[in-house]
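Build out the structure end to end from the sequences listed, making use of the hints.
Chains as they are written, first to last, in this note's numbering: chain A, 5 to 155; chain B, 5 to 185.
Hints are computed from structural coordinates only; laboratory data are not their basis.
Below 27 Å or equal to it, Euclidean Cα-Cα: the simulated DSSO-like pairs (lysine-lysine) are: (1) B/Lys107 with A/Lys92; (2) A/Lys110 with B/Lys44; (3) B/Lys159 with A/Lys92; (4) B/Lys107 with B/Lys159; (5) A/Lys92 with B/Lys44; (6) A/Lys110 with B/Lys159.
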Amino acid sequence: MKLFSRFPRLCATLVVIALLLPTIASAIDALPFKDRAEEQRFQNLARQLRCLVCQNESLADSSADLAKDLREEVFEQMRQGKSDDEIKHYLTDRYSDFVLYNPPLKGSTILLWFAPLLILMIGAAIVFRIVRRRGAAPRTPPPAASSEDDW
Amino acid sequence: MNSRFYPLIGFALVAALLAFGISYMRTNSMNEVPSPLIGKAAPAFDLPLLNDPAKRLSNADLSGRPYLLNVFASWCFACRDEHPVLMAEGKALGIPIIGFNYKDEAADANRWLDQFGDPYSVVIADREGRVAIDFGVYGAPESFLVDAKGIIRYKRIGAITPEIIAFELKPRLAAMKGEGP
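Structure follows, in structure tokens:
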């Protein structure tokens, strides 16, 4: 507690900030979840959905007014017994695939999904060719270790 | 070719990709949420009028003629830029402009219209924003051009400008006139 005695005001401020953090971090309104499982399902779903207003935030994190409305809509539809897919469908019908963080696999997104694999395969082919060429080349004796030509 | 140049070629390719990305982003806004509703029937609505909540307006009342649905609110800054354009050029469009007052207080909206003028044939109020969700509205201003059959033909995200009227709305209205009622 030497630190506290030396900087009492700083430490007190830090404690207050630490106490406030949980309230800042969560934008979730108090929805009347009936149990923990329902809340987890809701959070899981809301994290997969994009807030349309502040587009780098998920529906779970955003404090935008529309995000709040959409959270309530998602919650109500959950209560009506709709499946996650049905709720997502409801949203993409209105806001397009943009609302999903995970883009669906279809014609226009094939490149998006498979380009990394394609690039990996091209890279592997190049490496394979280089390695094979080196293997085929006559083995030259390693150059004598000189102090100046190390690299 | 000398293999010494391979890294340079690789760098040039990456640079070209980045340049393409930047120029593409300039012309195609990535922030605009594309509307899946274009070419589809406008969602059903039945909302109270702003100045007389006892009366209501629904799709059925509007069928048979094209209209422009303009989402606005008194809290919306960009709507103030858009408003004079609607005041000056709205009538010349020759179709009713339906004001869609989005998540607003009736008193604020009425004061706003008193202050800046009312370019609308009629104003409906969506206090809760439920109908707006059906329309895929995620901000204001937004506008929907709906044809006589109730099909959404065009959506403008953001303020309507004289350029939008000249190059987007008028050509579509002319085409719609050609189709007949």
